[in-house]
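Participant: All chains should be modelled from the sequences, with the hints used to inform the complete structure.
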Amino acid sequence: MENQAAKELLYKMADDALIIGHRNSEWTGIGPMLEEDISFSSMAQDKIGHSWALFKILNKLGENEPDIVAFTRNAEQFHNCQMVEFPIGEYNFSLVRHFFFDLAEYHRYEMLEDSSLGDLAQLARKIKGEIKYHVLHAKTWMKNLGNSTEEAVSRLQGSLNELYPMALGMFEPSPFEDQIVSDGIFGGESELMSKWRSSVMEIIDQTQLELNIDGDWNPLYGGRSGVHTEHLQPLLDEMSEVVRTDPAAEW
Amino acid sequence: MYGGGNVFEPMKVKELIDEDPVLLKEFEARIDRGEKIEPTDWMPELYRKQLIRMIEQHAHSEIIGALPEGTWITRAPGFKRKMALMAKVQDEVGHAQLLYSAAETLGKPREKMIDDLINGKSKYSNIFNYPAFTWADSCFISWLVDAGAIVNQLANAKGSYGPYVRALDRICKEESFHLKYGHDCVATLAAGSKQQREWMQDAINRWWAPMMMFFGPSDKISVHSEVLIKWKVKMASNDAMREQYLDMYVPKILELGFTIPDPNLRRNEEEGKWEITEPDWDEFKRVINGDGPCNKERLAVRRVAEERGRWVREAINRKSENYIVPLA
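Protein chains in written order, with our numbering: chain E, 20 to 270; chain W, 116 to 443.
Since the hints were derived computationally from the structure, they do not count as laboratory data. All C-beta atoms, glycine included, are put in the ideal place defined by N, C-alpha and C. Possibly wrong hints are sitting among the right ones.
[What the hints assert, rightly or not] Selected chain W positions facing chain E (Cβ under 8 Å, derived; list incomplete): (1) L182; (2) M198; (3) Q212; (4) R423; (5) A430.
Facilitator: Written out as C-alpha cells, the structure reads:
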C-alpha cells in the first residue's frame, strides 16, 4: 500500500517533468532571442533528466524500464497535470507556465528533501539545486517584462489569468494524500500549494501585474487520474514516432 | 557546428587604392608574424567586409542548421538520445550567439544581420536547404555534416581575426562531442535491425551529394582572392578541405558496413588524391540562390520566430544601455 502511494506521487512528478520538458524543447531554434532559445532548451534538458531519474526510482519499485514507460504509454495512462500539455503558444504563455510550474517544483523538491523514501530524498537534494536556476530565470523575466512595455504587461496579464486555474491543477489532491503525509513520504499537495501561492505573490507584487489568488477560480483537475486535453495524445504520438517502429531495438 | 562562411559567395576584390599604404604594410606585417588582429586595430575595409560576411554566414548556418535537427528532438528515441540531441542543438544555437557577437565587433549589429538573413541578402550553409526526413537523417547531420564543419572550422581557427578564432576554438571543442554523439547514433543503427541499417543507408544516399558540395565549388571554377589568403581570412582551399574530409570519413563509413553512392569514388594512390563524380554545381548555385527543397520553409520559420519575438526584445531594450560597438 505504501508502495502504491509512493508510485502515484512519482508517476505524476515524472510525467509532469517529461511533458513540460518536451514542450519547452520545442522552443529550440525559434525563441524570441537566442539567449532565451538557449535558456528554454537548457531547462528542458534538466526536466527530461529529472523525469528519467524519477522513472529509474519507479523501476526499482517494480515498474517497467524508463524508456518503455515514458515512450509507450497512451494519454489516459499519463498522470501529468493538464497545464503542461498545452502547446507552447506565444512566449508569454510559455514564460508564465514556466513561472508557475517551477515555483511549485522548487517547493516540492524542498519538501521532499527529508522524504522517508530514501532514493527520492536523495534525488530531491540534487534536483533542488538545478531548479533554483530555473526559478531565478522565471522570476527575472517576470519582473523584467512585468515592468516594461504596455504590450508586454498586457500579454503577461492575459497569460496569468488564463494559466492560473490550470496551475491549480498541479495540486489536485491524491487519493493517497493522508497516507503519503502520515508515512512521511511527502508533506502533501495543500501544504505545497500554500507555499507556492506566497512565492507567486511575492513576485507578482513587484510588477505591474495583478492576480487575485483568493478569487473564485475553477481549478483544472483531471490530469492526475488520466483525464487529458486533446493536446496530449498527439504529443505522445510524436514523441514515440521513432521508438514505435521497433520498441525492442537499440537506438 | 554547421560550417563556416567563405565558401558561399566569393567576394569581388576591389582595388585597395584607398587604403593608407603605411598602415596597410604594418597590418600585413603583423599578420605575417602570426599576430591576431583585434576589433580596435586598424584594418583595411575589404578585410572588415569580408570577415563580417564570413562570420555572419557562419552564424546564420548555426541557427538555420538547428532547424532540421531540432525537429527530431521531439521524436528522439529514448531518454538518452532525447537529452543528447537537445544538448547538441542547444550548443549550435550557442555557437550562433558567439559568432554574432564576434561579427558585431566589426560593426554590424545582430538585428541587422538577422534582417539580412530573413531578406535573403545573406546566405547560410547550403546543406540545410535539404530536408531531414528520418531519424537516420538527423544522425547523418550530427556525425557527417558536423565532421565536415569541423574540417572547415579547424582551418579557419588558424585565421588572423582574434574574436573569430577565439570563438572557433571554443566551438571546435564542443563539436568534438557532437561527433562522438553522431558516430554513436550511426554505429547503433549500423549494428541494429535490417530496417535500421536500410534507413541509415538511405540517409547516406540522400545526403552524400549535398555533402560533397558542402565545401564549395571546386578550385578549378572557384576564384579566390590571393589577398584573402595573404590576410589569413581564407585558410584552406575548397578542394583541400574536401580531400581531408574524404580521407578521414570514407574509411569510417565503409567500416560500419555502409556504401557510398558514388560509382566513381576511389583513391588515386599515385596522385595521392580522391577521385569523385563532379558535384552538380548548377544545382549548388540554384539552391544557394533560393531554389532548394527547403529554402523557403527555413527562412519562413526564422521570419515567424523573429516577428513573434519582437515584443520581447522591444520590452527589454533600454535605449540608455545600448552598448557601443568597437570600431577601428
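Participant: The structure should be examined with respect to each hint, and the outcome stated for every one.
Facilitator: Right, here's what the structure says about each hint:
1. L182: 5 Å, holds
2. M198: 5 Å, holds
3. Q212: 5 Å, holds
4. R423: 6 Å, holds
5. A430: 4 Å, holds
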